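Quick note, the sequences are listed as chains Y and E, same order.
Our numbering numbers the first residue of the first sequence as 8 and each following residue consecutively.
Our numbering numbers the first residue of the second sequence as 550 and each following residue consecutively.
No lab work stands behind these hints, which were simulated from the structure alone.
All values derive from a computational prediction rather than experimental measurement.
Some hints here could point you the wrong way.
[Unchecked claim] Heads up, incomplete: computed chain E residues facing chain Y, CB under 8 Å, no partners named:
(1) 682
(2) 736
(3) 738
(4) 765
(5) 794
(6) 875
(7) 915
(8) 993
Backbone N, C-alpha and C fix where the C-beta goes; we use that ideal spot for every residue, glycine too.
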Amino acid sequence: MRRDLLTSALAAVVMTVALGVVYPLAITGISQVVFPGKANGSKLSLGGKVVGSRLIGQDFKGKPAYFQSRPSATEYSGNVTYFSNLGPNSVEAREAVRKNLAAYLRRERPYDPELRQSVPVDAVTESASGVDPHISQANAWIQAHRVAAVRGLSLAEVDDLIATHTDGRSLGLLGEPGVNVLQLNIALEKEAPLK
Amino acid sequence: MAQGWMQISIFIAVLVGLVKPVGIYMARVFTNQRVFLSPVVGPVERIAYRALRVRPNEGQNWKGYARSLIVFSLLFWIVLYLILRTQGIHPLNPEGFKSAPWDLNFNTASSFITNTNWQYYGGETTLSYFSQMAGLAVQNFVSAAVGIAVVVALIRGIVARSGREIGNFWQDLIRVLLYILLPISIVGALLLVSQGVIQSLGHATVIHTLAGGTQTLAQGPVASQEAIKELGTNGGGFFNVNSAFPFENPTGMTNFFELLLILVIPASLSYTYGRMVGSQRQGWAIFAVMFVLFVSGVAVVYVAEQHGTPSQHLAGLNTHAFHGSTGGNMEGKEQRFGIADTSLWTAVTTVTSCGAVNGAFESLTGLGQAVPFANLGFGEVIFGGAGAGLYSMLLYVILAVFIGGLMVGRTPEYLGKKIGAREIKLVALGILVTPLFALLSSGLASATRLGTRSIYAGINPQGFSETLYAYLSQANNNGSALAGYTGFIQPNAPGNAGAFGISFADLLGGAVMIGARFLPILFVLAVAGSLAGKKISPAGLGTMRTDNPTFVFLLVGVVILVGALTFFPAILLGPIVQSLTTRLF
């Protein structure tokens, strides 16, 4: 028993130092040298100023010249995260989807009159992280009509930008393709800046 | 859906491919043989023995093994609690977080010491980098190593030729850490950083967004914790939304890799087992049982999630897939993972005792939720936690042997060892302790005002699901949650509804986790000690075989039967009701 206590006490100290301090600090050191950009959050700049991270979605609500991110429970917080936690049979979930659907149609239909029942699900449901950096391609193709009109670009030009900023499946196989909203909007700012 | 099925198939194929090489490697580690890492790790191992005053190769009987394990875990519980309690005075705390209340710390310490990683807190708003690194991540390593040590001891008991010793706890612990968990975590963490998982110690950065607002971007030593969080089937996220947050899991590739990390040890242990008992077929039989139950679960979740929810359909949303959109229930899911990968993750994280999530469990469809419930109800034996899964499954194996023996009218024996009254009593206790904890605590929480305060969804099937799942998850040391339960709003988040101060849930949950982790471990070690002392009798004509399809079928039946009889009535009231109705609550 006394030997168990002694070994336990020694183990607690040694393991805390080795696994809790040395290991993470070593990984941090290597990462900061070898992958400094990624280790610090894959930040994106425009005109020399950091405007966000390519992995963290942003809020573009009320700005028709930009592609819109998915709805967020956290108002796109990059440091306080939680789920909306609406159940599958919840009245609140129905109301939320209804509201998001109506808002989406109100925003996009003036520019895309053929838009009816084919609203992609990602456009009106909240992401898990609250900062999903992507939207589906279908969602982007619909929004392209509005962005093209507001920015005075042709639909083909905007669709080209969408294609450029679509993150395909990893290795062509894993995950789902998604359009990176922040990168796409930065590209728009470079191609056709707002007056 | 074809592409989704293909992704799932690729994952399963890669996993199955890893089972043999990893299984062999682990068997060599557990039997003190040379492995390719020995030239590097060997010297460290010897230093560790000397520093910790361990006499390697000094065998312990089951009581000695259990005593070392309990003393070690208890002492580390105290250390972790103190680290969390004194958070304010530690370094690496750029946001200046003070300690959480004592009851929350009690829950958290119990949670991480037991490999559960149930979280009533949000990491990024409650804990300093120091607490995450030196407190929680250490337990991610250690609690997993303890689980693996226990199964190794049990295997030694099964193969021992009438002795008393089942190995040396300290040696097992140290070898598992040095040869298995640490090397894979180092490689895994660096791989994750190379794909975009963050690893830094700075203050969260405030940036001006493109649209003219501001956004605070979190920082932290995430990758180093992420790797062992998955590998050790721990599951406690650095961030509150766990592996759904892009800084923990940025791409389809990292998602695939993290899933492999979760399953690789539990799945490969079945091969290790076959090797150590001297019959690979015995290992494959157990693997087959786990595999069948796992794949069925994946298929059900995927089909259910692709269908969408009643709330979405009643809101007039078309949830069919079409060109450029996955369709399905995307509420609480990330675009880069889509329906298929989130469904796969849901099954993987609940068959193992991992509990990390890459989407919101609470927003799964009714049937999609039923699968995690079932996986937990089966007692985390479908691959299960690192070590814990196999030792729990071996209890079921012995039970199946006993039932099979009764059917054919022979004295039950397993691998040449007679299963007597003492073993079967211990096995029954080991199997029943967890459900007992789960049902008693969720009953208590559902029936009292103190308990129902924690419910977020209201007094309806979903609210009941939250409660039942919370205690089922904690009793099985899983840690995933229908996260509305108590933890919806974080302590420091705007509009906090008071996740803090719900002492009832903190204390009950903490006690459940400890009881449902260490009591079964004691029963398992007692079984190991009991079997170790038995002579091996040669198999005769009348011996029931435990390595053929008939036995696989019997074992699947026993697992389902015990789980269903125990939990079906309760699960009926939650997810099954919701999957059968389009009524909203």
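Structure-based check of each hint:
1. The criterion of a C-beta within 8 Å of any C-beta in chain Y is met by residue 682 (chain E), whose closest approach is roughly 5 Å, and the hint holds.
2. A least Cβ separation of about 10 Å between residue 736 (chain E) and chain Y goes past the 8 Å threshold, and the interface hint is therefore violated.
3. Interface hint at residue 738 (chain E): satisfied, since its Cβ lies 5 Å from the closest Cβ of chain Y, which is below the 8 Å cut-off.
4. Satisfaction of the interface hint for residue 765 (chain E) is found here, the shortest Cβ-Cβ separation to chain Y being roughly 4 Å, below the 8 Å cut-off.
5. Against a cut-off of 8 Å between C-beta atoms, the interface hint on residue 794 (chain E) holds, since the closest Cβ of chain Y lies about 5 Å away.
6. Look at residue 875 (chain E): its Cβ gets to within about 6 Å of chain Y, closer than 8 Å, so that hint holds up.
7. Checking residue 915 (chain E) against chain Y: minimum C-beta separation of about 5 Å stays under 8 Å; hint holds.
8. Interface restraint check for residue 993 (chain E): the shortest CB-CB distance to chain Y comes to about 23 Å, outside 8 Å, so the restraint is violated.
Violated hints for the displayed structure, listed by number in ascending order: 2, 8.
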